[in-house]
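Enquirer: Given next are the chains, with one letter for each unit.
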Amino acid sequence: MAVKLTDEQIERFERQAIPLLPVLLRAAQFMTHRQDQAEDLVQETMIKAMRAIDQFDSVSDMKPWLLTIQRRTFIDLYRSRKQERAQRSLEDEKIPEPAAGDEKFGAFDDQWHEPEQLLNRFEDEQVIEAMRSLPEDIRWTLLLVDVEQLDHPQAANMLEVPVGTIKSRAHRGRGMLRDKLYSLAKQRGWVTTDTQDNQT
Amino acid sequence: MTTEDKHSDLDEQTRARLAKLASRPVDTTGVMAKLRKQIDAERGNQDDSTARTFKFPSWARWAGRSAIAATLIIAATLLFITTQSGSVVYAAPDRMVQLHRDLVDGRAPVIPVTNLAEARKTIESKWHEAPTLPDQWDKNVHACCLRDVQSRQVACILMKEADTPVTVVVARTKDFQSPDGPTVERNGQTYVVKSHDGVNMIMAQVKDRWICVMSELPVEPLFQLAEGVVADDKTSNTK
Numbered sequence: 009m010a011v012k013l014t015d016e017q018i019e020r021f022e023r024q025a026i027p028l029l030p031v032l033l034r035a036a037q038f039m040t041h042r043q044d045q046a047e048d049l050v051q052e053t054m055i056k057a058m059r060a061i062d063q064f065d066s067v068s069d070m071k072p073w074l075l076t077i078q079r080r081t082f083i084d085l086y087r088s089r090k091q092e093r094a095q096r097s098l099e100d101e102k103i104p105e106p107a108a109g110d111e112k113f114g115a116f117d118d119q120w121h122e123p124e125q126l127l128n129r130f131e132d133e134q135v136i137e138a139m140r141s142l143p144e145d146i147r148w149t150l151l152l153v154d155v156e157q158l159d160h161p162q163a164a165n166m167l168e169v170p171v172g173t174i175k176s177r178a179h180r181g182r183g184m185l186r187d188k189l190y191s192l193a194k195q196r197g198w199v200t201t202d203t204q205d206n207q208t
Numbered sequence: 002m003t004t005e006d007k008h009s010d011l012d013e014q015t016r017a018r019l020a021k022l023a024s025r026p027v028d029t030t031g032v033m034a035k036l037r038k039q040i041d042a043e044r045g046n047q048d049d050s051t052a053r054t055f056k057f058p059s060w061a062r063w064a065g066r067s068a069i070a071a072t073l074i075i076a077a078t079l080l081f082i083t084t085q086s087g088s089v090v091y092a093a094p095d096r097m098v099q100l101h102r103d104l105v106d107g108r109a110p111v112i113p114v115t116n117l118a119e120a121r122k123t124i125e126s127k128w129h130e131a132p133t134l135p136d137q138w139d140k141n142v143h144a145c146c147l148r149d150v151q152s153r154q155v156a157c158i159l160m161k162e163a164d165t166p167v168t169v170v171v172a173r174t175k176d177f178q179s180p181d182g183p184t185v186e187r188n189g190q191t192y193v194v195k196s197h198d199g200v201n202m203i204m205a206q207v208k209d210r211w212i213c214v215m216s217e218l219p220v221e222p223l224f225q226l227a228e229g230v231v232a233d234d235k236t237s238n239t240k
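Protein sequence lines, in the order shown, are assigned to chains A and B.
Counted from 1, the first sequence has number 46 at position 38 by my numbering; the numbering is strictly sequential.
Counted from 1, the second sequence has number 97 at position 96 by my numbering; the numbering is strictly sequential.
These are calculated hints, taken from the structure and not from any lab test.
Hints may contain errors.
To be verified - On the chain A side, residues computed to face chain B include the following (Cβ under 10 Å):
(1) T40
(2) Q43
(3) S66
(4) M70
(5) E124
(6) L150
Keep in mind that this is a model prediction, so the values were computed, not measured.
All residues carry an ideal CB built from backbone N, CA and C; glycine is no exception.
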């Protein structure tokens, strides 16, 4: 179906949404493993945003609005891929919130002696790769709260969960990410063997 | 430090590391090109709908179709000439580098100045519609000039940073804009980053002016210079 947009709508979209293209592409790279997939996701997001530009309240911040569209687009694409595969049910993919005391993260936290130096030793791509291995909800939370610096209520609104869940996911996610990075640091010999022995 | 404090500190360090990812350059060229096609298609839809509903008025039926066609061709040609002469051009990295090298190697005439205020005064006396130039940006400016790049007038300010020549180009956004390319967002401002033939370019649009800071210096010091110009531009605009 052809969608008719006015010059004003297109001009508004170009002025408000196009400058945020790098934000969307960066976010897409966290969610997908290939550049072409990330670009497809962003393109789909932007087309939806352009056609829905009148739904955007100009007083609000454009970034959360676009990221919300992108997240929904990602979920749609992801679900359609899953349906094609037809081997796994949606329930299999759900990430349960951990029960109290069931926090399997931060196993190496006691071994981080110079956290700033060690964290900065990783290249951006390595940190992103570690992020990609985290559960999707955790990944989105870290992306919104820590990378894009959205406040907790904004992230909670986007992910449709309570603010408390965002806080706990962010804390849990950082711990899980550190575990992944610490393992990588061990593989690379960036941390000493005796430290490794101590923590196992 | 208690265990709780240590976890809190680790959390803060992790958060800080993740925050750095927001300034990672990404190449938006591919997706921008696809999007541009889509935007053009949307514009095409408007044109299609106009075409579908257009009907020749009754008087036109009396006129020869060839006369109408000739009129339309002339009108279209005039429209094309008018829009081309006043349209925006996208900065071509090779042309910008050529400009930089011409200025640095002395192949293009420049006007020696001793500071930014003098450069600003010189440019404004020669170009009455010049975009407002930075006036509080305190750097080692030694020359300035007006040049024609891609048939559009631009103001150039020459300076040195760490003994390396730097050219700052300022143009009107209605004349000049940044091309598609990797972008970086810093302090709420989007910059396009380009490299060509050993010259790095940081381009930005602030309100009605377009700037390009270029040099053989690494990208980071150029960013700092560009941020200085952008900050100064923003200050100037609020005056």
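Enquirer: Confirm or reject each hint.
Expert: Here's how the hints hold up against the structure:
1. T40: 13 Å, violated
2. Q43: Constraint on Q43 of chain A satisfied, holds at 8 Å.
3. S66: 17 Å, violated
4. M70: Constraint on M70 of chain A not satisfied, violated at 12 Å.
5. E124: This hint holds: E124 of chain A lies near chain B, its Cβ roughly 5 Å from the closest one there, short of 10 Å.
6. L150: 6 Å, holds
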